[in-house]
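J.: Sequence:
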Amino acid sequence: MLKSALVILLVTLPALVHADGTISGWVRKHGNIYPLHPVAIEVLDPLTGAAVPGLRTVNNPDGTYELSGIPEGNYKLYFDAFGESRKYIDELSGDFQCDNGDCNRAKLGTVVNIDSGINTANSNLLEGAMLKGTVTDMSNRPLPGVTIQFYDLNGQPYCCTRQTGADGKWERPVSIFSTFHALARFTEPSGYQPQAYNQVPCSGCDVGATSNPIYVETGKGGIDFKLPFIQAPADIEREAVDSQKFSGSWFVPDRSGEGFIIEILDREGPNGEEQAVVVFWFTYTPDGRQAWMVGNGGINGGVAEVEFEMTEGATFGADFDPQDVSRKTWGSIRFDFLNCSRAQAEYAGEYGSGQLTLTRLTAIHGLGCDDATDVVVSGNPAVSGAWFNPSRSGEGFIVETVDETRVLAYWFTYDSEGRQMWLLGLGDLNDELKANIPMQSTFGGHFGDAFHEEDVILEDWGNVTFQFGECDDASYTWEAPAPFHTGGYELIRLTALKNISC
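Quick note on our numbering: the sequence shown kicks off at 1038 and runs consecutively.
No lab work stands behind these hints, which were simulated from the structure alone. Note that the Cβ used here is the ideal one computed from N, Cα and C, for glycine as well. Watch out, some of these pointers could steer you wrong.
To be verified - Here are the computed lysine-lysine pairs in the PhoX-like style, where the Cα-Cα straight-line distance is at most 25 angstroms:
(1) 1124 <-> 1169
(2) 1263 <-> 1206
(3) 1066 <-> 1169
(4) 1206 <-> 1169
(5) 1066 <-> 1124
(6) 1169 <-> 1263
Unchecked claim - DEER-style ranges, computed between Cβ atoms:
(7) 1087 <-> 1365: 53 to 59 angstroms
(8) 1344 <-> 1145: 51 to 57 angstroms
(9) 1354 <-> 1325: 21 to 27 angstroms
(10) 1145 <-> 1325: 53 to 59 angstroms
(11) 1416 <-> 1204: 54 to 60 angstroms
(12) 1090 <-> 1292: 46 to 52 angstroms
(13) 1416 <-> 1354: 29 to 35 angstroms
(14) 1292 <-> 1354: 28 to 34 angstroms
(15) 1252 <-> 1489: 48 to 54 angstroms
(16) 1520 <-> 1489: 27 to 33 angstroms
(17) 1292 <-> 1068: 58 to 64 angstroms
Turn these sequences into a full structure, and let the hints steer you where they fit.
T.: Take a look at the structure:
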């Protein structure tokens, strides 16, 4: 009896074991009999849309394919055009177009039942146009990791997104003779505003109503985006600030050893702006030497645009000859003052481009954030501004009164080999408007992303003594070790700051 039962079990057991199936077919260009190659065929889990491991093949040059060893069950198939065929639109089983960016493969596409026999699935992939583009900032610096989102004419998200690579470039195949909208944005919070196709900032806007539609036809070219630097971080409330309060020194807290001196002048800007502005940038060259730039521009509504110039060639001290000073355009910078103590800066120039979040370091005494808005200060603060000797054009000083008795001085000059050099120091200003200031120099810094504040080394340089006169005249002497020795010259005022009176 037991033997008979075992025989029956052994006979019936094979019927309970599911055999693997095979699927085969061809992939052609839509609307004709010509094969399309290469195309990858993937088997997907119908519930998750994820690829089933090991069940993928690439078709033959004649367009045919065969994929064996598929357990019986329900699946979806995915036809992925790639390589030289990338302009063809990917397809899910059931002739459902599905760009390989991020379409919902679990929700879309037809479920295919694979049994133990030979199953057939053919595909005609639709030819599209390869839409390409680049995303940069306003200074033409490539921005990686930016998402390109597509929308239909009603402004609803439309399959599928793309992300820019390290070079800021993206591409995606799209159907010819289709129309849609596009938007470039970072998926994570960043310092850049989302931008619609027609270069309109579009943070939370109605894309369908704001953006220009894109009409795709054969040979459609690139679609480029320039993302503007965001005007204010989400956690900082923009404040209206009278422009004279922006005068002072600014820096990035984790980049101590370089910074900006901003002067809001007592006149309108060169292009009719509310106020003229002069900016001095003390920094370093890419190869690690001290560098400084000076720029002129205007400010409107808390936004300043400045064009920078750079010099070289002169020699320190008695050997200085203004004829040796060589001037060249360096680049530009845009300041967006968020409040009295915070600003965003975006720059582009000979050494590169980038963005900085600046914090106030000093303010002119009497014109600080907590001082009255319409006050006009006089007395010691009147020594603040830029000073130079007309016979030594190409070098000079910036002086700031940081409180009633102390002054901060910057000296922009050259070393004994004609290279730019800058010095800075803090000292006391007495009742006779005389100040003796110990000056320091720096070395070790590098420009831009290569800057690390731990690399910057301060060293004592010597002393500078200022004697200020009534309003627009002054003199200075210096004493320092070789090769700088001693000397001194007369000075006249170069800049008059807004809301400061002699």
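J.: None of the hints should be skipped; say for each whether it holds.
T.: Hint check:
1. With a C-alpha separation of about 11 angstroms, the suggested pairing of residue 1124 with residue 1169 holds against the 25 angstroms cut-off.
2. The suggested pairing of residue 1263 with residue 1206 holds, with an alpha-carbon distance near 12 angstroms, which does not exceed 25 angstroms.
3. For the suggested pair residue 1066 and residue 1169, the alpha carbons sit about 22 angstroms apart, so the restraint of at most 25 angstroms is met.
4. Proposed proximity of residue 1206 and residue 1169 is supported: the alpha carbons are some 7 angstroms apart, at most 25 angstroms.
5. Among the hinted pairs, residue 1066 with residue 1124 is consistent with the structure: their alpha-carbon atoms are about 11 angstroms apart, no more than 25 angstroms.
6. Between residue 1169 and residue 1263 the alpha-carbon distance is near 14 angstroms, which keeps this suggested pair within the 25 angstroms criterion.
7. In this structure, residue 1087 and residue 1365 meet the distance hint of 53 to 59 angstroms, their C-beta atoms being roughly 58 angstroms apart.
8. A C-beta distance of roughly 53 angstroms is found between residue 1344 and residue 1145, which places it inside the suggested range of 51 to 57 angstroms.
9. At roughly 24 angstroms, the beta-carbon separation of residue 1354 and residue 1325 lies within the given 21 to 27 angstroms, and the hint holds.
10. Between residue 1145 and residue 1325, the C-beta spacing of about 56 angstroms keeps the proposed range 53 to 59 angstroms intact.
11. For residue 1416 and residue 1204, the Cβ-Cβ distance of about 56 angstroms falls inside the hinted range of 54 to 60 angstroms, so the restraint holds.
12. In this structure, residue 1090 and residue 1292 meet the distance hint of 46 to 52 angstroms, their C-beta atoms being roughly 48 angstroms apart.
13. Against the hinted window of 29 to 35 angstroms, the Cβ-Cβ separation of residue 1416 and residue 1354 comes to about 33 angstroms, which satisfies the hint.
14. About 31 angstroms separates the C-beta atoms of residue 1292 and residue 1354, a value consistent with the hinted range of 28 to 34 angstroms.
15. Between residue 1252 and residue 1489 the beta carbons are some 49 angstroms apart, a value that agrees with the proposed interval 48 to 54 angstroms.
16. Distance hint check: the CB atoms of residue 1520 and residue 1489 are about 29 angstroms apart, consistent with the given range 27 to 33 angstroms.
17. The hinted range of 58 to 64 angstroms is satisfied by residue 1292 and residue 1068, whose Cβ atoms lie roughly 60 angstroms apart.
Every hint, counting from the list given before, is met by this structure.
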